[in-house]
Amino acid sequence: MRTMVLAETQKALAELCAGVSQISQQVEAVIIGDQLKAVTDTVWHIPAQENALLEDYTETIAALIKQEKPELVIVEPTKRYKLIAGRIAAMLGTSVITDVLALGEDLIAKRMVYGGAAIRTEKVASGCTIAMVGSGIWETKSVTEVAVREEKPVQFIEPVNRVTRIARDEKEKAAVDLPGAKIVVGVGRGIAEQKDLEMIKQLAYAVKGEIGCTRPIAEAEKWMPKETYLGVSGLMIAPEIYIAIGISGQIQHTVGINRSKIVISINKEKNAPIFKQSDYGIVGDLYKVVPALIKHFG
Amino acid sequence: MNIITCFKVVPEEQDIVIKTDGELSFDRAKPTISAYDLNAVEAGAQLREVCSGALIALSVGTGSIDGPKLKKNILSRGPESLAMVADDRLKDLDTHQTAKVLKAAIEKIGEYDLILCGEGSSDLYAQQVGTQLGQVLNIPTINSVSKITPSNGKIVVQRTLENEVETLEITLPALVAVTTDINLPRIATMNHILAAGKKPATVWTLEDVGAPELSSTIEVIDTRAPRQVERKQDIVEGDTDDAIREFISKISAVLAK
Chain U
135 MRTMVLAETQ KALAELCAGV SQISQQVEAV IIGDQLKAVT DTVWHIPAQE NALLEDYTET
195 IAALIKQEKP ELVIVEPTKR YKLIAGRIAA MLGTSVITDV LALGEDLIAK RMVYGGAAIR
255 TEKVASGCTI AMVGSGIWET KSVTEVAVRE EKPVQFIEPV NRVTRIARDE KEKAAVDLPG
315 AKIVVGVGRG IAEQKDLEMI KQLAYAVKGE IGCTRPIAEA EKWMPKETYL GVSGLMIAPE
375 IYIAIGISGQ IQHTVGINRS KIVISINKEK NAPIFKQSDY GIVGDLYKVV PALIKHFG
Chain E
92 MNIITCFKVV PEEQDIVIKT DGELSFDRAK PTISAYDLNA VEAGAQLREV CSGALIALSV
152 GTGSIDGPKL KKNILSRGPE SLAMVADDRL KDLDTHQTAK VLKAAIEKIG EYDLILCGEG
212 SSDLYAQQVG TQLGQVLNIP TINSVSKITP SNGKIVVQRT LENEVETLEI TLPALVAVTT
272 DINLPRIATM NHILAAGKKP ATVWTLEDVG APELSSTIEV IDTRAPRQVE RKQDIVEGDT
332 DDAIREFISK ISAVLAK
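Residue numbers (my numbering), protein chains in the order written: chain U, 135 to 432; chain E, 92 to 348.
Because the hints were derived from the structure by calculation, they are not lab data. Think of the CB as a built atom: it goes at the ideal place given N, C-alpha and C, for glycine as much as any other residue.
What the simulated footprint calls covered on chain U by chain E, stretch by stretch (three residues with Cβ under 8 Å from a Cβ of chain E suffice, anywhere in the stretch; the number is not a length): (1) 229–238; (2) 293–304; (3) 420–426.
Full structure from sequences and hints, please.
Structure follows, in structure tokens:
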């Protein structure tokens, strides 16, 4: 099987090329401009264009796929590439399989649907499979530097529609590395006020953890940065220990944390679904329990 | 500015039942508007307040989307009229098929300056219909838009990506897919709901819009609930000092590792 790989970052390009080589004999990176280094022995190189957005290369990539007919195109699931991949699929008369959780040699993919309530198993009916895959789905072999044996230039095709970029600002980086944290403390709607997060911070400090939250805390209340919410359309984490505080355990949230090794929860509702998904828990007022934990572990 | 805002009708998520064999039952799940599309409708309603022109809501799906409650729901949120392709042949559409039917319906509506879509549907969340639709309409298409400002016959948008925020100027007609934090969708008042009943709604079949009947590009093998991780479920009840002490002693052993 022949595969082309598209990624925005070097890390993703390296991991996806190494990962997909477990199901595909021939892996070729498609590299735009000079920002990314090649990690496969055959590379398709699209020369950088002045003032071009990544989106302006869509027609060029589509033409390359049409000409070379790889069975599989693996795409890093970034926002820009979600747009680009969708437009390419429209040109090819197919659909993209996004946010793939598993992909085998038979090109059967698994992805989450209904807010995490179900996993759908599906495959492309015919022609090229375009799959957007996060780097974690394959056991990563060590990523080694590969000497490029063949670099094939790709002729740039002028985009049909362009938009003009007026400004570009770096986003403030979230200060925490939640996916890399060993212990994560998660907060939900059980917290009454934003100022009570101070108490959660003290607990996180005491147990040497980082803080994440549910979607309502980030999006509706805006008490925490959007980058810190866990669950569907947010982060999926797998820490050693997850401590759920005032979180009822809606599936939209728990899909983001159910790969945690140990789940501990504090909730005043005895019937909160989170307890069924916890190793340890206490049915009680978090405003009594959390200060006691801070005192004990601090 | 004439605006068409697209929305998907999805089964009410909280009424989807997971059966013991892991299959899903939609028997009790009533059709409702996909949550993320409410942000697109609201973005359209807000633009409509500052620009002249029409705001039309558009959806495609099976005959079940053509219900009075649902029509009132969408029309109470700002659009002046509603168009639907409701046809039982449009069952379980993939993103490519959906885009093709939406395109046919948009061409039937005729003139437009801006097409709005949500970030993705709340049921399948492929985030692909907007991008496919923009391409098949062959107009400038941008996703992840968190602000839209009209500007001399064009629009200026703020686009929020993983590590950057960019400001783009887009000529019209164009398609924009908006993020969930672009706005807070309004809650319709009783007056809006009553007025919605009087607004025009057009319902078409596939033939009415001249859409081709397309075969699926995706073959769905199955859809079932993931297996739950087995947990100890060692739960202490109550928050007396003794109970909290018991809880701490249990988790100390774990946290000490």
